[in-house]
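Undergrad: Let the hints inform the model, and build the full structure from the sequences given.
As they're listed, the protein sequences go chains A and B. Residue numbers are given in the UniProt record's numbering: position 37 of the first sequence equals residue 37, and the series is strictly consecutive. Residue numbers are given in the UniProt record's numbering: position 145 of the second sequence equals residue 145, and the series is strictly consecutive.
It is worth saying that the hints were derived from the structure and are not from the lab. Treat the hints with care, since some could be wrong.
[Said to hold, decoys possible] Quick list of in silico lysine-lysine cross-link-like pairs, DSS-like style, CA-CA up to 27 Å: (1) A:Lys102 x B:Lys93; (2) A:Lys98 x A:Lys110; (3) B:Lys92 x A:Lys98; (4) B:Lys173 x B:Lys51; (5) A:Lys110 x B:Lys93; (6) B:Lys173 x A:Lys102; (7) A:Lys90 x B:Lys165; (8) B:Lys93 x A:Lys90; (9) A:Lys110 x A:Lys90; (10) B:Lys95 x A:Lys90; (11) B:Lys95 x B:Lys143; (12) A:Lys98 x B:Lys93; (13) A:Lys102 x B:Lys95; (14) A:Lys110 x B:Lys92; (15) B:Lys95 x A:Lys96; (16) A:Lys110 x A:Lys96; (17) B:Lys95 x A:Lys110; (18) A:Lys96 x B:Lys92; (19) B:Lys51 x B:Lys95; (20) A:Lys98 x B:Lys95; (21) B:Lys92 x A:Lys90; (22) A:Lys102 x A:Lys90; (23) A:Lys90 x B:Lys143; (24) B:Lys173 x A:Lys96; (25) B:Lys143 x A:Lys110; (26) B:Lys173 x A:Lys90; (27) B:Lys165 x A:Lys110; (28) B:Lys143 x B:Lys165.
[Claimed, not checked] Away from chain A, derived, C-beta distances all over 12 Å, residues of chain B: (29) Arg2; (30) Pro5; (31) Ser16; (32) Ala31; (33) Leu41; (34) Val43; (35) Ser49; (36) Asp54; (37) Arg61; (38) Lys165.
All C-beta atoms, glycine included, are put in the ideal place defined by N, C-alpha and C.
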Amino acid sequence: MQNWMEWAVAFFLLLGGAFVLIGSIGLTRMPDFFTRLHGPTKATTLGMGGILLGSMFYFSTSPGTISVHELLITIFLLITAPISAHMLIKTALHHKIKAIPKTTGEQELKRGQQQNSSRSHLKSNLP
Amino acid sequence: MRLQPRYSWLPTPYRSVLLFCVWLLLNQSLAPFHLLAALILAVVIPWLSAKFRDPQPLIERPGLALRYILRVFLDIITANAQVAVLILGPTKKLKPAFVRVPLDLQHELPITILASTVSMTPGTVSADIYPTKEMLAEGDEVKQRWLLIHVLNLDDEAALIAEIKSRYEAPLKEIFQC
Numbered sequence: 001m002q003n004w005m006e007w008a009v010a011f012f013l014l015l016g017g018a019f020v021l022i023g024s025i026g027l028t029r030m031p032d033f034f035t036r037l038h039g040p041t042k043a044t045t046l047g048m049g050g051i052l053l054g055s056m057f058y059f060s061t062s063p064g065t066i067s068v069h070e071l072l073i074t075i076f077l078l079i080t081a082p083i084s085a086h087m088l089i090k091t092a093l094h095h096k097i098k099a100i101p102k103t104t105g106e107q108e109l110k111r112g113q114q115q116n117s118s119r120s121h122l123k124s125n126l127p
Numbered sequence: 001m002r003l004q005p006r007y008s009w010l011p012t013p014y015r016s017v018l019l020f021c022v023w024l025l026l027n028q029s030l031a032p033f034h035l036l037a038a039l040i041l042a043v044v045i046p047w048l049s050a051k052f053r054d055p056q057p058l059i060e061r062p063g064l065a066l067r068y069i070l071r072v073f074l075d076i077i078t079a080n081a082q083v084a085v086l087i088l089g090p091t092k093k094l095k096p097a098f099v100r101v102p103l104d105l106q107h108e109l110p111i112t113i114l115a116s117t118v119s120m121t122p123g124t125v126s127a128d129i130y131p132t133k134e135m136l137a138e139g140d141e142v143k144q145r146w147l148l149i150h151v152l153n154l155d156d157e158a159a160l161i162a163e164i165k166s167r168y169e170a171p172l173k174e175i176f177q178c
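TA: Right, here's the structure in full:
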């Protein structure tokens with residue numbers, strides 16, 4: 001493997017690892033459920049992107065081969081990350097999980113909780 | 001806005017291109033067999049599944065759509081840097097907030113793309129879209145839809161709403177012409 005290639009692989013792996021680590025630190029440091037959600041949805045996406053780029057470079061170095069199916073993982077990750085975040089936060093609204101007191105826009109939160117609970121109320125009344 | 005495809009045998013041309021590329025990427029090969037298999041799958045799968053789908057607006061401006069994707073990619077990178085700084089900084093200084101954004105879009109596909117984009121970009125996660133069709137009484141029309149988002153660090157609510165509307169919603173309206 002060429003020397004500069006090794007540097008590139010190392011750089012992307014470390015960058016990716018750092019972002020995944022920061023996302024996980026966010027999980028433990030943030031004060032409530034809603035703020036905790038921000039770390040894993042964002043920092044982790046770029047982290048995974050970095051690691052996958054490193055992998056692409058690493059497996060493309062042997063002569064005559066090129067490794068591109070990491071691109072697929074990136075695409076699927078970009079599609080699924082916002083959806084799983086959305087499902088989590090909707091569940092939180094449904095269960096009326098409390099936000100920390102300094103959160104502004106409490107009325108909007110109430111409205112969102114109401115929307116989500118009355119929907120389930122409708123469902124449970126079905127025969 | 002256009003709901004009906006131009007050719008009935010090719011209901012979703014861009015999705016067919018995507019399927020074609022995904023098959024080739026999965027196999028990591030440009031051999032004649034895989035090219036042919038990809039072509040057949042890319043035509044047959046959308047054609048078979050078209051009947052099961054709700055008609056959604058079609059992409060009218062592919063060039064703009066490409067620009068939108070690039071912009072979102074760049075925004076994801078800046079979003080990551082910003083959120084990383086916020087996470088590592090003092091948590092006491094954070095100003096989390098819930099904000100309600102009025103939507104001009106009306107169809108499910110563009111709204112889904114907008115909500116996903118908002119989740120991927122700086123400091124915001126989309127929480128809910130209401131009202132939904134199931135919530136309304138029979139025959140009621142949806143007048144105004146709202147997107148509820150959670151913001152990690154809110155400085156100016158009006159500016160944030162204006163930015164989401166001009167940066168993401170306006171191009172989507174152009175792309176789908178709705």
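Undergrad: Each hint should be assessed against the structure and marked as holding or not.
TA: Right, here's what the structure says about each hint:
With a C-alpha separation of about 10 Å, the suggested pair Lys102 of chain A and Lys93 of chain B falls inside the 27 Å cut-off, and the hint holds. Restraint check: the Cα-Cα separation between Lys98 of chain A and Lys110 of chain A comes to about 10 Å, which is no more than 27 Å; the hinted pair holds. For a cut-off of 27 Å, the pair hint linking Lys92 of chain B to Lys98 of chain A stands: about 17 Å separates their Cα positions. Only pairs whose Cα atoms come within 27 Å are accepted, and Lys173 of chain B paired with Lys51 of chain B is accepted, the gap being roughly 25 Å.
Between the alpha carbons of Lys110 of chain A and Lys93 of chain B the distance comes to roughly 24 Å, so the proposed pair stays at or under 27 Å and holds. At roughly 35 Å between alpha-carbon atoms, Lys173 of chain B and Lys102 of chain A are farther apart than 27 Å, so this suggested pair is violated. Distance hint between Lys90 of chain A and Lys165 of chain B is fulfilled; the C-alpha atoms sit about 23 Å from each other, no more than 27 Å. Taking the CA atoms of Lys93 of chain B and Lys90 of chain A, the gap is near 26 Å; set against the 27 Å cutoff, the hint holds.
At roughly 13 Å between alpha-carbon atoms, Lys110 of chain A and Lys90 of chain A fall within 27 Å of each other, so this suggested pair holds. The suggested pairing of Lys95 of chain B with Lys90 of chain A holds, with an alpha-carbon distance near 21 Å, which does not exceed 27 Å. Taking the CA atoms of Lys95 of chain B and Lys143 of chain B, the gap is about 32 Å. The hint is violated against a cut of 27 Å. Distance hint between Lys98 of chain A and Lys93 of chain B is fulfilled; the C-alpha atoms sit about 19 Å from each other, no more than 27 Å.
Between the alpha carbons of Lys102 of chain A and Lys95 of chain B the distance comes to roughly 7 Å, so the proposed pair stays at or under 27 Å and holds. This hinted pair checks out: Lys110 of chain A and Lys92 of chain B have alpha carbons roughly 24 Å apart, not beyond 27 Å. With a C-alpha separation of about 20 Å, the suggested pairing of Lys95 of chain B with Lys96 of chain A holds against the 27 Å cut-off. For the given pair, Lys110 of chain A sits about 9 Å from Lys96 of chain A by alpha-carbon distance, which is consistent with the 27 Å threshold.
Restraint check: the Cα-Cα separation between Lys95 of chain B and Lys110 of chain A comes to about 18 Å, which is no more than 27 Å; the hinted pair holds. Taking the CA atoms of Lys96 of chain A and Lys92 of chain B, the gap is about 23 Å. The hint holds against a cut of 27 Å. With a C-alpha separation of about 47 Å, the suggested pairing of Lys51 of chain B with Lys95 of chain B is violated against the 27 Å cut-off. With a C-alpha separation of about 15 Å, the suggested pair Lys98 of chain A and Lys95 of chain B falls inside the 27 Å cut-off, and the hint holds.
Of the supplied pair hints, the one linking Lys92 of chain B and Lys90 of chain A holds, its CA atoms being roughly 25 Å apart against a limit of 27 Å. Straight-line distance between C-alpha atoms of Lys102 of chain A and Lys90 of chain A comes to about 21 Å, which keeps the hinted pair within the 27 Å bound. A distance of roughly 22 Å separates the Cα atoms of Lys90 of chain A and Lys143 of chain B; the hinted pair therefore holds under the 27 Å criterion. Only pairs whose Cα atoms come within 27 Å are accepted, and Lys173 of chain B paired with Lys96 of chain A is rejected, the gap being roughly 34 Å.
Note on Lys143 of chain B and Lys110 of chain A: the hinted pairing holds, with a Cα-Cα distance of about 21 Å set against a maximum of 27 Å. Distance hint between Lys173 of chain B and Lys90 of chain A is fulfilled; the C-alpha atoms sit about 26 Å from each other, no more than 27 Å. A distance of roughly 23 Å separates the Cα atoms of Lys165 of chain B and Lys110 of chain A; the hinted pair therefore holds under the 27 Å criterion. Between the alpha carbons of Lys143 of chain B and Lys165 of chain B the distance comes to roughly 18 Å, so the proposed pair stays at or under 27 Å and holds.
Against chain A, the non-interface label of Arg2 of chain B holds: every CB pair exceeds 12 Å, the least being about 24 Å. Non-interface status of Pro5 of chain B relative to chain A is upheld: no Cβ of that chain comes within 12 Å, the nearest being about 23 Å off. The Cβ of Ser16 of chain B sits about 16 Å from the closest Cβ of chain A, beyond the 12 Å cut-off, so the non-interface label holds. Chain A leaves Ala31 of chain B outside its interface by the beta-carbon criterion, the shortest separation being 14 Å against a cut-off of 12 Å.
At roughly 15 Å, the least C-beta separation between Leu41 of chain B and chain A is larger than 12 Å, which holds for a residue marked as non-interface. Residue-level check passed: Val43 of chain B sits 21 Å from the nearest beta carbon of chain A, beyond 12 Å. For Ser49 of chain B, the shortest C-beta to C-beta distance to chain A comes to about 18 Å, beyond the 12 Å cut-off, and the non-interface label holds. No Cβ of chain A approaches the Cβ of Asp54 of chain B within 12 Å, the least distance being about 18 Å, so the stated non-interface status holds.
No Cβ of chain A comes within 12 Å of the Cβ of Arg61 of chain B; the nearest lies about 21 Å off, and the non-interface call holds. The claim that Lys165 of chain B lies off the interface holds: its Cβ sits roughly 17 Å from the closest Cβ of chain A, which is beyond the 12 Å cut-off.
Consistency with the previously given hints fails for numbers 6, 11, 19 and 24, ordered from lowest to highest.
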